[in-house]
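Visitor: Please build the complex by placing chain Z on the supplied structure of chain V, with the hints as guidance.
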Amino acid sequence: MGFGDLKSAAGLRVLNDFLADKSYIEGYVPSQADIAVFEAIAAPPPADLYHALRWYNHIKSYEKQKASLPGVKKALAKYGPADVEDTTDAATDSKNDDDIDLFGSDDEEESEEAKKLREERLAQYESKKSKKPAVVAKSSILLDVKPWDDETDMAKLEECVRSIQADGLVWGSSKLVPVGYGIKKLQIQCVVEDDKVGTDMLEERITAFEDYVQSMDVAAFNKI
Amino acid sequence: GPEELAQLEKLLGVPKGNKYGVQGERKVPVLQTNNGPGLTGLMTIAAHLVKQAKKDQLLGSTAEEKAVVQQWLEYRVTRVDGGSSKEDTRIILKDLNVHLEDKVYLAGNIFTLADILMYYGLHHVMVELTVQEKEKYLNVSRWFNHIQHYPGVRQHLSNVVFIRNRLYTNAH
Numbered sequence: 001m002g003f004g005d006l007k008s009a010a011g012l013r014v015l016n017d018f019l020a021d022k023s024y025i026e027g028y029v030p031s032q033a034d035i036a037v038f039e040a041i042a043a044p045p046p047a048d049l050y051h052a053l054r055w056y057n058h059i060k061s062y063e064k065q066k067a068s069l070p071g072v073k074k075a076l077a078k079y080g081p082a083d084v085e086d087t088t089d090a091a092t093d094s095k096n097d098d099d100i101d102l103f104g105s106d107d108e109e110e111s112e113e114a115k116k117l118r119e120e121r122l123a124q125y126e127s128k129k130s131k132k133p134a135v136v137a138k139s140s141i142l143l144d145v146k147p148w149d150d151e152t153d154m155a156k157l158e159e160c161v162r163s164i165q166a167d168g169l170v171w172g173s174s175k176l177v178p179v180g181y182g183i184k185k186l187q188i189q190c191v192v193e194d195d196k197v198g199t200d201m202l203e204e205r206i207t208a209f210e211d212y213v214q215s216m217d218v219a220a221f222n223k224i
Numbered sequence: 001g002p003e004e005l006a007q008l009e010k011l012l013g014v015p016k017g018n019k020y021g022v023q024g025e026r027k028v029p030v031l032q033t034n035n036g037p038g039l040t041g042l043m044t045i046a047a048h049l050v051k052q053a054k055k056d057q058l059l060g061s062t063a064e065e066k067a068v069v070q071q072w073l074e075y076r077v078t079r080v081d082g083g084s085s086k087e088d089t090r091i092i093l094k095d096l097n098v099h100l101e102d103k104v105y106l107a108g109n110i111f112t113l114a115d116i117l118m119y120y121g122l123h124h125v126m127v128e129l130t131v132q133e134k135e136k137y138l139n140v141s142r143w144f145n146h147i148q149h150y151p152g153v154r155q156h157l158s159n160v161v162f163i164r165n166r167l168y169t170n171a172h
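Residue numbers (the working numbering), protein chains in the order written: chain V, 1 to 224; chain Z, 1 to 172.
If you're looking for bench data, these hints aren't it; they were derived computationally from the structure. Check before you lean on any hint, since a few could be wrong.
Interface residues of chain V toward chain Z, partial, derived using beta-carbon atoms under 10 Å [claimed, not checked]:
# : residue
1 : ARG54
2 : TYR62
3 : PHE209
So the derived label-pair ranges between C-beta atoms look like this [stated by the list, open to error]:
#  : chain 1 : residue 1 : chain 2 : residue 2 : range
4  : V       : SER215    : Z       : THR78     : 39 to 45 Å
5  : V       : ASP150    : Z       : GLN23     : 44 to 50 Å
6  : V       : ALA47     : Z       : GLY152    : 34 to 40 Å
7  : Z       : HIS149    : V       : VAL177    : 43 to 49 Å
8  : Z       : HIS149    : V       : ASP200    : 38 to 44 Å
9  : V       : VAL177    : Z       : ARG26     : 49 to 55 Å
10 : V       : GLY172    : Z       : GLU87     : 42 to 48 Å
11 : Z       : LYS55     : V       : ALA82     : 57 to 63 Å
12 : Z       : ARG90     : V       : LYS156    : 42 to 48 Å
Since this is a predicted model, take the numbers as computed values, not measurements. Positions of the beta carbon are idealized from the N, C-alpha and C atoms, including for glycine.
Looking at chain V on its own, in the form it has when it is part of the complex:
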């Protein structure tokens, strides 16, 4: 997760896109997640990134209460869209490197130092991890997607299902299977990486197309 480099225009665009349909970075109330991202941004986003600007001005209005907002500030890599990485370097305002007092009397100072330390440790762990070849656990899942009735546009239904994108999800072949009364269900194959995609998530996203989808079931599930 992350927004790319939040100090760059590209990173701000990722943030803008992310916030188009959300009021906050996480959940439905302002939290330390918003403060963490707010502090990583140098200045108000430009007017054309109006979702990011809306969010920025809103969070700025909480400036006086920021210490009492719920949650815990985490590394930037913990927030944002799943398929983007955080590349903002020294996300915190660069405190003097001489000042490595982890137990500073100022609360804010302490959390920023601790955050920097955590990010360094995270980077170390990631580079260590990337050196080992990882064996990725995958499964092949066959899904039954049922429409409301025989008048449902099955081509559109399939389009909706295939539009679901996620890291670790690959759609395979599909066919229409008659189930009676002129109704056909869509049987579609997919291959998923077990630690990234689960059937709960697939069900949630497929049944979200309430105009077309009545229900979804797992017809078959095999480890590969």
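Guide: Only chain Z this time, still in chain V's reference frame:
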């Protein structure tokens, strides 16, 4: 009408005891008071309930916020409840989408009675929107999804689903 006011009472935490009736063909709600003819009109009664619950900040703090809150309360009664054609609805959603482009709540940065009553008033519209329409009125969808998650607001109303990945628009 009275059902919406009962919901509002519950959300605000107003002590029980208020009695409601309706008046006339258009079924305007009336709050019966001990002496006199009673308070008439959804907005009037709603504002009164906010004061009864001692949550005056829901009507706005600054003069500007108060005016904006009143503007949307009036909009709710005259435009949302008044007009009901497809074209009326389309205009309302367009107006709202523009207004919400740079605001989290209708009055800007604070949650107010305007958000509550516009949410209740628009619920039946949002429930019927297609995936494509929800994306078209992206700011309205964002605002509606936020308000329906606000503690105490939704109560027994159905949760309107907004899917996370956008199919029809790229960026923006």
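Visitor: Now, for every hint given, state plainly whether the structure supports it.
Guide: Verification of the supplied hints:
1. The restraint placing ARG54/V at the interface with chain Z holds, with a minimum CB-CB distance near 5 Å, inside the 10 Å limit.
2. Using the Cβ-Cβ criterion of 10 Å, the hint placing TYR62/V at the interface with chain Z is satisfied: the shortest such distance is roughly 8 Å.
3. For the restraint placing PHE209/V at the interface with chain Z, the shortest Cβ-Cβ distance is roughly 7 Å, inside the 10 Å limit, so the hint holds.
4. A beta carbon spacing of about 41 Å between SER215/V and THR78/Z agrees with the range 39 to 45 Å that was offered as a hint.
5. Taken as a hint, the range 44 to 50 Å holds for the pair ASP150/V and GLN23/Z, whose Cβ atoms sit roughly 48 Å apart.
6. Distance hint check for ALA47/V and GLY152/Z: the Cβ-Cβ separation is about 35 Å, which falls inside the suggested range of 34 to 40 Å.
7. Between HIS149/Z and VAL177/V the beta carbons are some 38 Å apart, a value that contradicts the proposed interval 43 to 49 Å.
8. Under the hint 38 to 44 Å, the C-beta atoms of HIS149/Z and ASP200/V, about 20 Å apart, miss the expected range.
9. In this structure the supplied range 49 to 55 Å holds for VAL177/V paired with ARG26/Z, their Cβ-Cβ distance being about 52 Å.
10. Look at GLY172/V against GLU87/Z: about 44 Å separates their beta carbons, and that is inside 42 to 48 Å.
11. For LYS55/Z and ALA82/V, the Cβ-Cβ distance of about 39 Å falls outside the hinted range of 57 to 63 Å, so the restraint is violated.
12. For ARG90/Z and LYS156/V, the Cβ-Cβ distance of about 23 Å falls outside the hinted range of 42 to 48 Å, so the restraint is violated.
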